[in-house]
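Read top to bottom, the protein sequences are chains C and U.
Numbering-wise (the working numbering), the first sequence opens with residue 1 and increments by one.
Numbering-wise (the working numbering), the second sequence opens with residue 1 and increments by one.
Be a bit skeptical, because a hint or two may be false.
As the list claims (entries may be wrong) - Which stretches of chain C does chain U cover? Using the computed rule of at least three CB atoms under 8 Å from a CB of chain U, they are:
1) 4-16
2) 26-39
3) 107-118
Claimed, not checked - Calculated lysine-lysine pairs in the PhoX-like style (CA-CA distance at most 20 Å, straight line):
4) U:Lys335 <-> U:Lys263
5) C:Lys278 <-> C:Lys154
6) U:Lys263 <-> C:Lys278
7) U:Lys61 <-> U:Lys216
8) U:Lys246 <-> U:Lys263
9) C:Lys278 <-> U:Lys103
To be verified - Non-contacting residues of chain C with respect to chain U, defined by C-beta distances greater than 10 Å in every case (computed):
10) Gly49
11) Tyr50
12) Leu51
13) Leu57
14) Gly73
15) Ile137
16) Glu146
17) Gly152
18) Leu196
19) Val197
20) Thr208
21) Ala216
22) Met272
23) Thr279
24) Ile282
I should point out that these hints are in silico values taken from the structure, not numbers from a laboratory.
Here a beta-carbon is modelled for each residue, glycine too, at the ideal position from N, C-alpha and C.
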Amino acid sequence: MNVNSLAVPGFSSDVRAFWAVVRREWTVFVRYPSWIVSLLIWPIIFPMGYLLTARALSGVDGSGLTTFQNTTGLTDYVGYIAVGTMIWMWQNIVLWSVGYSLRNEQMRGTLESNWLSPTWRFSYLLGSSVPQMVSMITLLVVSGLEYALFFGVKFNGSILLTILVILASIPAVYGLGFAFASIVITMKEANAFVFLVRGIVMIFCGITYPMAMLPAWMQATAQWLPQTYIIHAVRTASLSTEGFAGISHDLSMILFFGVIWLAIGYVLFVVMERRARKTGAIGQY
Amino acid sequence: MSDFAIEASQLVKKFPARAGTGDKPAEGAAPTPKRKPWWQRGKKEPQAMFTAVNGVDLQIKRGEIFGLLGPNGAGKSTTIRMLCTLLEPTSGTARVNGFDTVKNANDVRRSLGTVLAGERSIYWKLSGRENLEYFAALYHIPAAIAKKRVDELIERMEIKDRANELVEKYSTGMRQRIAIAKALLARPPILLLDEPTLGLDPQAARNLRELIATLKEEGHTILLTTHYMEEADQLSDRIGIIDTGKVIALDTPENLKQRINQKEIIRLELTGWHDDLGDRLKEITGVETLTTHQQGEADLWEVNMHSNNSRATLPRIVEAISGNGTRLVNMNIVKPSLEDVFIQLTGKALRD
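Just chain C, with the same shape it has in the complex (with noise of 0.2 Å):
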């Protein structure tokens, strides 16, 4: 007796194939309800050190803030940190979360039933990220508001400007992701090299502080980083009054950099999945 398979190869298959992981996906991220007390509890708690460390040096009377205007031309240091903070909190969930998915799909047992299906592989990342990136979103929004209504930030700019930096930084955030997220399926243990990046992140990217503040040689350093311009944008955009024309630049560097970290993504993917079916990864956990 013939068996005839069911399956049906080709281009909408695939997308079929990618919208089913996206869905996987959210479903289970649902199912974890303690994202809802992360979502709103983060955004105030992590900047509060930054933001009372620098109500302490800037005196009693805010004596001390007249430096921090003449260096970054706000007046509003809370909303200048909380945007700082904000970014940083962004690229570090994206580290642990799209950096470890496939990590955590190899330690569940869950990969392997993946792998052995015919859909195209970069789906899987690519899929799991769309609702991390939703979540992210949220995450955004929400800090915006708590910021707005616990810290008094005023956000004077354009909030469509502001909306179009972060999308514009979608490919780099999530570029700089799937390219640890390759790395961990063979190395399995990633947790110095997020600590490393974050870090470097942190004290280059200038989240609390303006960048004038750093030597020359670390504010060159920082001109190769991304997240320099995705800040510096969305403080411009959202805190400023200056338009489009104050954001062009990052814009157009943010935009190279995604691209540039797209296709390391991709092309670390490659290479390391190919890297795992020869040395049996895919299965080790």
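Following the hints, position chain U against chain C.
Only chain U this time, still in chain C's reference frame:
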């Protein structure tokens, strides 16, 4: 189209030997030289390799159930992983449904339904139905057909009442049924079942064996690995016995048993077993292979010996075990089973 569903020719898989894991270098591999200081290093030192699969040849006919048997570490999982494209062979070739496992990997994946890692291969935070719908999309089954197929498999696996519950609430047997339903989704011509009855209660295992037999009747080719000899004996049309990365015997269960039919199995049950006694029994002329295993927690041991002439050997065996605190509880001379064939060929029991 080839008569064979699966063909492997001189399949070899080597892994770098990991320090401290007990991986032995492959036969003929150069020993790892002592590490020189970095300033004296020239060319990269050759890395010691561990050979998991060492020249496996297989030809599995369409429509047959082929049992692959071997003790832990024999190379059967590595062989299965190469056949289902999770691993690339170091050398040699394998074809599944006529497709090369390296060059046409996606065609191979479309031809296969695989059960690996059993209950861990599905999502515990999804329901049984959600799991099947998800994998149906991954296997490129059109949406309209997928819905019907999922319903059909839920019915067939007898999980209709609990199909919408999360898998984390299922028993091991139910999870295993979802894993098998997942493998059957796209109705692939070839099924690779790696230890499908592992961890199942006797009733669930019996139901699964019946299902496997039905799948063969429906025309599927099945490659089955198992630790249970009776299962392999009952289900398989042919059996390949793999040990230390090589297929050391390949035939029908009947022919394999025929090989040692002229031999007898002396089975003893005794208390007070000690290793010296094993050495004394092995020295007796006529005793060929000896295996032991403790039965449960108690000090009761089963000892199996192969012999050409039990009449001549028995008195010496009884003499050897008397004294030293050893007590003979039971003694039988039995017909060789597939397990005995395995012991004769590999010198160890399947669960060693």
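The hints, checked one at a time:
1. Counting residues of the stretch 4-16 of chain C whose beta carbon lies closer than 8 Å to any beta carbon of chain U gives 10, which reaches the threshold of three, so the coverage claim holds.
2. Given as covered by chain U, the stretch 26-39 of chain C passes the check, having 4 residues with a CB less than 8 Å from a CB of that chain where 3 are the minimum.
3. For the stretch 107-118 of chain C, the assignment as covered by chain U holds, since 10 residues bring a beta-carbon within under 8 Å of that chain's beta-carbons and 3 suffice.
4. Our distance criterion of 20 Å between C-alpha atoms is met by U:Lys335 and U:Lys263, whose separation comes to about 8 Å.
5. The suggested pairing of C:Lys278 with C:Lys154 is violated, with an alpha-carbon distance near 55 Å, which exceeds 20 Å.
6. This hinted pair does not check out: U:Lys263 and C:Lys278 have alpha carbons roughly 44 Å apart, beyond 20 Å.
7. Restraint check for U:Lys61 and U:Lys216: satisfied, since their Cα atoms lie roughly 12 Å apart, inside the 20 Å limit.
8. Distance hint between U:Lys246 and U:Lys263 is unfulfilled; the C-alpha atoms sit about 25 Å from each other, more than 20 Å.
9. Proposed proximity of C:Lys278 and U:Lys103 is supported: the alpha carbons are some 14 Å apart, at most 20 Å.
10. The Cβ of C:Gly49 sits about 34 Å from the closest Cβ of chain U, beyond the 10 Å cut-off, so the non-interface label holds.
11. The Cβ of C:Tyr50 lies farther than 10 Å from every Cβ of chain U, with a closest approach of about 36 Å, so its non-interface assignment holds.
12. Every C-beta of chain U lies more than 10 Å from that of C:Leu51, the closest at about 37 Å, which supports listing it as non-interface.
13. Under the 10 Å C-beta cut-off, the non-interface status given to C:Leu57 relative to chain U holds; the minimum distance is some 46 Å.
14. Every CB of chain U lies more than 10 Å from the CB of C:Gly73, the least distance being 48 Å, so the non-interface label holds.
15. Taking the minimum C-beta to C-beta distance to chain U, about 23 Å, the non-interface status of C:Ile137 holds against the 10 Å cut.
16. Remark: the non-interface label on C:Glu146 is consistent with the geometry, its nearest Cβ contact in chain U lying 29 Å away (cut-off 10 Å).
17. The beta carbon of C:Gly152 sits about 40 Å from the closest Cβ of chain U, which is more than 10 Å, so the claim that it is off the interface holds.
18. At roughly 24 Å, the least C-beta separation between C:Leu196 and chain U is larger than 10 Å, which holds for a residue marked as non-interface.
19. Every Cβ of chain U is farther than 10 Å from the Cβ of C:Val197; the closest lies at roughly 28 Å, confirming the non-interface assignment.
20. Here C:Thr208 stays apart from chain U, with its beta-carbon at least about 37 Å from theirs, past the 10 Å limit.
21. Its beta-carbon lying about 34 Å from the closest one in chain U, C:Ala216 satisfies the requirement of being farther than 10 Å from that chain.
22. Against chain U, the non-interface label of C:Met272 holds: every CB pair exceeds 10 Å, the least being about 14 Å.
23. The claim that C:Thr279 lies off the interface is violated: its Cβ sits roughly 7 Å from the closest Cβ of chain U, which falls inside the 10 Å cut-off.
24. Separation of C:Ile282 from chain U is inadequate, the least Cβ-Cβ distance of about 6 Å not exceeding the 10 Å criterion.
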